[in-house]
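Construct the complete structure from the given sequences, taking the supplied hints into account.
Below are the chains, spelled out letter by letter.
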Amino acid sequence: MSVKTAVRLAFAAGALIVAGSAAAQVKIAYIDPLSGPFANVGEAGLKHFQSIIDKINASGGVLGGQKLEVVGFDNKSSPQESLIAFKAVTDQGIRYITQGNGSSVAHALVDAVNKHNARNPDKTVLYLNYAAVDPDLTNVKCSFWHFRFDANSDMKMEAITNYMVKDKSIKKVYIIGQDYAHGHQVAKAAKAMLAAKRPDIQVVGDDLHPIGRVKDFAPYVAKIKASGADTVITGNWGNDLSLLIKAAKDAGLKANFYTYYGGGLGTPTAMGEAGADRVRQLTEWHMNLSPNKTEQYALDFKKKHNLDFYYLRVNNAMLMLARAINDAKSADPKKVAYALEDMRFEADTGEVWMRKSDHQLMQPLYISTFTKVDGKTVKHDIEGTGYGFKTNAMISSRDSQLPTSCVMERP
Amino acid sequence: MEFFLISLLNGVTYGLLLFMLSSGLTLIFSMMGILNFAHASFYMLGAYFAYQISAYVGFWPALIVAPLTVGVIGALVERYGLRRAHHYGHVAELLFTFGLAFLIEEIVHLIWGKAAVDYRVPGSLEGTLFTLFSTSFPIYKGFMMLVSVGMLLALYGLLTRTRIGLIIQAALSRPDMVEALGHNVPRIFMLVFGGGAALAGLAGVIGGNAFVTEPGMAAAVGSIVFVVVVVGGLGSLAGAFVASLLIGIIQTFAVAIDFSVTDMAAALGIDLAGGSNLARLSISQLAPVLPYLLMVAILIFRPRGLMGARES
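As given, the protein sequences belong to chains A and B, one line each in that order.
Those letters in the first sequence? Residues 1 to 411, per the numbering used here, in order.
Those letters in the second sequence? Residues 1001 to 1312, per the numbering used here, in order.
Since the hints were made in silico from the structure, they are not lab data.
The beta carbon of each residue, even a glycine, is placed where N, CA and C say it ideally should be.
There's no promise every hint is true.
As the list claims (entries may be wrong) - DEER-style ranges, computed between Cβ atoms:
id, chain 1, residue 1, chain 2, residue 2, range
1, A, R344, B, V1296, 54 to 60 Å
2, B, L1181, A, P210, 49 to 55 Å
3, B, L1158, A, D179, 40 to 46 Å
4, B, I1107, A, N306, 16 to 22 Å
As structure tokens, then:
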């Protein structure tokens, strides 16, 4: 083979590669833990993205035929690793990233995205946050390039306390949380909001425990019991939540739990009947909503992945992204960001709104209780436990809205 | 009073579980001089096996079969892995067990996935054993204590009152002589290693459903087990027992104390209101660090541990 032919072949190959990428694809980099202690949470999230993206692609994709694709990047729950992953993302020319587990990671990524976009105005990256709930991300640290599809921690507490206000049987509240940014935020918001809305409620305890390292919560439960609390508020998730509730049941603690993540991945399995009628959660969706437009989708999801559908907000994020790309008639992140802000979107639970001033999604939220399946209001159980969630109250997107201190800089 | 008694009970229960976990480790160390980094992985295997077995035949057979299976695996690991690594010295052994821990975790990921499995306390052990004032004490915790104490007695009896126990002890200090007397010392080591693994497996069967059975459970207890063994004295069974109870009780009570340096200063009439966040940390927040503090203190002031026999 002569040099000429080799060069020709190389060009041909190059042309093929270029042609290949032109036919495709809007890639979304999923930067979340795919190994380590939170790997199960990260993998479940990735499956949620893949599932909804498959659906969008099956119905024609975006921009008249381009497909969406999600690519997993393992950040091992660490901000440093996330920045390395982000470098790989930009090196590969991916223009959209998504992340959810851990606000510390989210802060690092927002900074990295801001910097990257300032230096490379022609290669901007858009960050779709589906679960990192630190209020700062849409307040003092808000960014034009960041959109949050989950209600932030303060909004959730606003909804929970608004619900608690009506329950006159609540007299003494105990707040317990994981000792990191999220736990601190929950405790701070709970104390401030309860003091403002129900000054008669006494906060009898405020505890922080190390995240992910407590095996036996009996000592904490003994403390809660000694305080005489009738209600416990916790932002705990994963095993920190299930072990807490198990210990409470063992000690015969008769208190209700208000949680952020009671229906989260693996928690229902771990608490089993220990959580029955006692554990409430605040979410944007659960399987026993009525009406539940996502029911069939969730059933198919469960059948395919052997995993309960959990994140409706992932669907909202991807569907809204697809619409924004179509509205902008371009997959350029800057144009898409302008199309996305202030978007009103008919989600399965009703209209949601991406507030322009801080890029925080406003959506209906639901308070629900872990209850035995009865075939009527509690039709579906979760994780095969025989228990599912039953709606107590719907909080309209108006009722969880909070003002923002965001001063958005637009490019 | 109620709070004190309940906390004491909680502390003792937790301590006894720690003892179940660390007894195998200290046994292996005292007999073979191997610091087994994969010990907590055997604990995890015990929990997963018990989950799998109890899904078919119920909890009680699992209570026997799961630790035995883990013991057999432990014996195989010694026979075909550690014994070869032994020729290359202690560092090779250490690295071998270290690698083994990762291997076991990955295997668990592959077989059972990364999420928690639904391993529950059997129905016959659900419920309340007794009620102290208004706090109930679950039957299962009583069962945990019973198994742990029973294990301690059985181990002690086995090592001091039986022929095999005597041979094991002899093989510890005078392996050459024991071998010359016609005993198969490598096989004894294999049995000890398998036995130690089985004890960890038993702890897994008991602890897996009391807490949560998930792939991170080995890493979660791995470090505390070493603390127990170091504080108790490497290789001392009695030391491990005392250290387990000590750590269990200290940790339980520390959680209850909402007292910080700032409060202490305030009690003495010094106002530290503008003090650092460090001074505002309460003892309950420091509770998880206390065992490690204890370990460091022991290593400085009494390197052989509370009841350790040797200065190593």
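Problem set entry | Violations among the numbered hints, reported as their numbers in ascending order | Hint check: nothing fails, all pass.
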